[in-house]
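So the sequences go chain by chain: F and X. Taking this note's numbering, the leading residue of the first sequence gets 87, the next gets one more, and so forth. Taking this note's numbering, the leading residue of the second sequence gets 621, the next gets one more, and so forth.
There could be a bad hint or two in this list.
[Claimed, not checked] Derived BS3-like pairs (lysine-lysine); straight-line CA-CA distance at most 25 Å:
1. X:Lys688 x X:Lys715
2. X:Lys688 x X:Lys674
3. F:Lys143 x X:Lys625
4. X:Lys625 x X:Lys691
5. X:Lys658 x F:Lys128
6. F:Lys128 x X:Lys691
7. X:Lys691 x F:Lys164
8. X:Lys674 x X:Lys625
9. X:Lys688 x F:Lys128
10. F:Lys164 x X:Lys674
11. X:Lys715 x F:Lys143
[Claimed, not checked] Partner residues are not named here, just some residues of chain F that face chain X (Cβ under 10 Å, in silico):
12. Tyr119
13. Glu142
14. Ser152
None of these hints come from the bench; they were simulated from the model. For every residue, glycine included, the Cβ atom is placed at its ideal position computed from N, Cα and C.
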Amino acid sequence: EPEVTQTPSHQVTQMGQEVILRCVPISNHLYFYWYRQILGQKVEFLVSFYNNEISEKSEIFDDQFSVERPDGSNFTLKIRSTKLEDSAMYFCASMLAVYNEQFFGPGTRLTVL
Amino acid sequence: DQQVKQNSPSLSVQEGRISILNCDYTNSMFDYFLWYKKYPAEGPTFLISISSIKDKNEDGRFTVFLNKSAKHLSLHIVPSQPGDSAVYFCAASDKSSGDKLTFGTGTRLAVRP
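Construct all of the structure, not just a fragment, from the sequences and the given hints.
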């Protein structure tokens with residue numbers, strides 16, 4: 087069964103460093119998302135991406151964040167200068183079409199020291 | 621901003637009995653609702669969804685009920701199995717303003733053998 091994959095599973099970085107989280111969505115899906123879950127809190131929307139551009143972003147997704155689909159398979163989230171409060175589980179999701187379910191990857195645990 | 625609420629943080633049910641998980645929402649623009657199951661260190665797994673034009677959707681042991689006037693949905697699992705033990709999230713979206721999912725805080729279900 088097709089699935090969303092994410093790498094790495096765990097990333098540890100120093101405050102101020104850049105990180106890139108990688109995702110491979112399900113191959114025929116057209117809509118792509120990043121969410122995050124800070125420990126003990128709810129899953130929060132970060133950004134949605136369709137047709138090679140951001141379609142919506144949350145207040146969390148400030149200038150330090152960017153997304154890219156550099157080729158036909160990968161979907162990346164970059165945090166330019168990480169802060170302690172960026173420590174969270176980051177989930178990538180993809181969706182085939184509107185009014186469909188979003189399928190989530192296993193997540194990347196980001197720890198900022 | 622708690623547009624989607626799950627007021628029961630935990631629920632314990634005997635194997636074979638019915639599990640009922642509840643979710644309330646405040647945003648009347650939400651028109652698509654989903655339930656996800658999540659195990660520790662994994663991403664949310666889609667279970668079942670319902671559009672606002674329906675009041676019930678069934679898939680095997682899982683049934684979702686939507687009461688639009690009360691802004692309430694529930695997930696029924698019958699019969700409950702130990703493998704159902706996980707955290708269950710309800711999520712909602714408003715297609716007119718994008719596909720982002722707004723999640724509840726989750727209910728931890730424990731099914732006792």
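Taking 25 Å as the top limit, are the C-alpha atoms of lysine 688 (chain X) and lysine 128 (chain F) close enough?
Holds, at roughly 23 Å.
Are the Cα positions of lysine 691 (chain X) and lysine 164 (chain F) separated by 25 Å at most?
37 Å, violated
Hint consistency between lysine 688 (chain X) and lysine 674 (chain X) [alpha-carbon to alpha-carbon, up to 25 Å]
Measuring from Cα to Cα gives roughly 9 Å; hence the hint holds.
Closer than 10 Å between Cβ atoms is the bar; does serine 152 (chain F) clear it against chain X? Give me holds or violated.
18 Å, violated
Holds or violated: lysine 143 (chain F) and lysine 625 (chain X), Cα atoms, limit 25 Å.
Given that 25 Å is the threshold and the Cα spacing comes to 22 Å, the pair holds.
Need the status of pair lysine 688 (chain X), lysine 715 (chain X): alpha-carbon distance at most 25 Å?
Holds, at about 16 Å.
Can you confirm whether the C-alpha distance between lysine 658 (chain X) and lysine 128 (chain F) stays at or below 25 Å?
Roughly 12 Å separates the two Cα atoms, so the pair holds.
So if I understand the rule, the pair passes when the alpha-carbon distance is 25 Å or less; does lysine 715 (chain X) with lysine 143 (chain F) pass?
OK: lysine 715 (chain X) and lysine 143 (chain F) at ~15 Å, within 25 Å.
Checking one constraint from the list: CA of lysine 674 (chain X) to CA of lysine 625 (chain X), max 25 Å. Satisfied?
The hint holds at about 21 Å.
Would you check the hint for lysine 625 (chain X) and lysine 691 (chain X), treating anything up to 25 Å between C-alpha atoms as holding?
11 Å, holds
Hint check: 10 Å Cβ-Cβ cutoff, tyrosine 119 (chain F) to chain X
7 Å, holds
Is lysine 164 (chain F) within 25 Å of lysine 674 (chain X), Cα to Cα?
Judged against 25 Å, a Cα distance of about 39 Å means the pair is violated.
Consistency with the previously given hints fails for numbers 7, 10 and 14, ordered from lowest to highest.
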